[in-house]
Amino acid sequence: MKFGYTSWLPETELVNKFIEGLGNSKLLGTQCRKCGGKYLPPRAHCKCGSTDLEWFAIPNRGKVRSYTVVSFAPESMSRYAPYIVGIAEVEGGMSLMGQLTGVTPSTLKVGLLVQIVAHQPDTDRIVYKFKPA
Amino acid sequence: MPSKAGIVGIGHSKFGKRTDATIRELAHEAVRPALEDAGLAVGDMDASVIGIAGEEFAMQGAPAAVVHDYVGMGSKPTYRVEAACATGSAAIRTAWSLINAGLHDVVLVVGAETMTRVSSARATELMARAGDTRWEYPFGITFPGFYALMATAHMNEFGTTREQLSMVSVKNHKYGAMNPYAHLQKEVSLEETVKSIVISHPLNLYDCCLISDGAAAVVMASEEKARQITDTPVWITGLGAASDSMLIAERPTLTGLTGTKIAAKGAYAMAGIGPSDVDVAEVHDCFTIAEIMAYEDLGFCEKGKGGRFIEEKQSYIGGKVPVNIDGGLKSKGHPLGATGVSMAVELVKQLRGEGGNRQVSGAEIALSHNVGETGQFVFVHIYSR
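In the order they appear, the protein sequences are chains V and Z.
For the first sequence, the numbering used here gives the first residue as 857, with consecutive numbering after it.
For the second sequence, the numbering used here gives the first residue as 22, with consecutive numbering after it.
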């Protein structure tokens, strides 16, 4: 499985673990055992320099902080355009970028409560997306 | 206390869709007038600092080496600098540092980029890969998309309007129409800018800067050398720089650039001035919302009042701080590596009183603000006579 609607980087052990979580409907981040720093999306190394991080699950609920409707897409994404990309805040103050579905121009707004669910845009690809809660 | 390195020569190529030239010829087109302006020969240069953002756009690996050789720098040392869209300002800061370190006395700074040889969809793809390719690019976010996220947040929090965004474009096109080096030398109406096609909602075509080819060059010298070379040096009296998180979602605010605030604070402190002392400014208007946020983050107006600042024409000549009166990235064009150096060229003209029909009368202190990516590279320079 590859992560995202399109990708450029190869999958690493970290991304494979995140993908595995998504496959089980779990949103996984990492937390530093040394300073307590939390990361979603996950990181293999903490910004404090520590390499001692552990996985933890985040409730799959969020609130939209901002959004845009992309009409003019990069070459690799043109088959999906137009699509909505947003930023949603999850529990603990962390925020994620993702695509938003299931909204209309009248329901799309900052502050919208969303669920974060796994989605397979292709047979060999997995991603999470935001949909109204 | 560092000495005041200064600018003693300026040169600018025509910006635009330049299918008549590759990056080396464009660089030459800017370097020759810069040397003539300084009254120096290329042999008088001790080193070059060359700002080019992308190999893919230049269609040449290590493109700075080609430029350095082509303009006749021969065996002199050269440095290639890259800071995405802020590459040109990073090159100037690098040259200033080299001069102040005592390594070189006279440095040729060149900023150049060719971008129009690839299709718009390809250019969008290449620029999208300058976002985080692990956690942002896979969702199809584009560069207009990143700034659209900031625009949505700004409009939601402060009530900034569609018309206010377009007013930035109208202003920059008004002045760009008066700049012979600008890519798109035409005025646009508020109505046509408001109604232009959507690129990434809420940003439309006229909210977005141009994809351009072009080059700009400045000759920089130590204080002692500068005084020997010219009677009208322009000094760099303040420099500020900062960065921000790679992932935009990680930032506590989406309605401004933290890097701009930090860089501006540093530059103002070093120059011993405040925002109200700035007579003319060049700010990074890659998108209209970016110019509105820059008014606020540079301290020209209060946070959230940037929309009103343009609506009241405070950034026109005659307003509080004339901004981007050479057309800005929007109308003059944005050949990535050239932009920061082009900002310096315009401000030197203004401080020398060579602005022609766009001259801000009595301008003594000028500011440039150049942003790379979505704030990961920010440079603020203060210039004075």
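Derived from the structure by calculation, the hints contain no laboratory data.
Note that this is a predicted model, so its numbers are computed, not measured.
We put the CB at the ideal spot given by N, CA and C, even for glycine.
Mixed in with the good hints there might be a few duds.
[Stated by the list, open to error] Which bits of chain V does chain Z cover? Going by a derived footprint, with three or more residues having C-beta under 8 Å, they are:
1) 877-891
2) 911-924
3) 933-942
[Unchecked claim] Derived DSSO-like pairs (lysine-lysine); straight-line CA-CA distance at most 27 Å:
4) Lys965(V) / Lys207(Z)
5) Lys858(V) / Lys890(V)
6) Lys919(V) / Lys38(Z)
7) Lys965(V) / Lys324(Z)
8) Lys324(Z) / Lys38(Z)
9) Lys987(V) / Lys882(V)
10) Lys882(V) / Lys894(V)
11) Lys965(V) / Lys873(V)
12) Lys207(Z) / Lys341(Z)
13) Lys216(Z) / Lys334(Z)
14) Lys903(V) / Lys890(V)
15) Lys282(Z) / Lys216(Z)
16) Lys97(Z) / Lys334(Z)
17) Lys903(V) / Lys282(Z)
18) Lys38(Z) / Lys25(Z)
19) Lys965(V) / Lys334(Z)
20) Lys903(V) / Lys326(Z)
21) Lys965(V) / Lys903(V)
27 Å limit on alpha-carbon distance, applied to hinted pair Lys882(V) and Lys894(V): holds (16 Å)
query: Is the Cα-Cα distance between Lys324(Z) and Lys38(Z) 27 Å or less?
result: violated (37 Å)
Proposed proximity, Lys334(Z) with Lys965(V) (alpha carbon, max 27 Å): Violated, at roughly 30 Å.
message: Checking one constraint from the list: CA of Lys38(Z) to CA of Lys25(Z), max 27 Å. Satisfied?
response: Distance ~37 Å between Lys38(Z) and Lys25(Z) Cα, so the pair is violated.
field: Pairwise hint evaluation, Lys282(Z) against Lys903(V), where the allowed Cα distance is 27 Å at most
entry: holds (23 Å)
- prompt: Within 27 Å, alpha carbon to alpha carbon, are Lys965(V) and Lys873(V)?
  reply: It is violated: about 32 Å lies between the C-alpha atoms, which goes past 27 Å.
query: For the pair supplied as a hint, Lys97(Z) and Lys334(Z), is the alpha-carbon distance within the 27 Å limit?
result: violated (47 Å)
field: Satisfaction of hint between Lys334(Z) and Lys216(Z), Cα-Cα up to 27 Å
entry: holds (21 Å)
message: Hinted pair, alpha-carbon criterion (27 Å max): Lys965(V), Lys324(Z). Please report holds or violated.
response: holds (22 Å)
- request: Mind taking a look at whether chain Z covers the region 911-924 of chain V? Criterion is 3 or more residues with CB to CB distance under 8 Å.
  value: With 4 residues in contact (Cβ-Cβ under 8 Å with chain Z), the coverage given for the region 911-924 of chain V holds.
field: Given hint Lys882(V) paired with Lys987(V) - CA-CA distance at most 27 Å
entry: Status holds; Cα separation ~16 Å.
query: Holds or violated: Lys919(V) with Lys38(Z), Cα cutoff 27 Å?
result: Given that 27 Å is the threshold and the Cα spacing comes to 43 Å, the pair is violated.
Hint check: violations occur at hints 1, 4, 5, 6, 8, 11, 15, 16, 18, 19, 20, 21; the rest are consistent with the structure.
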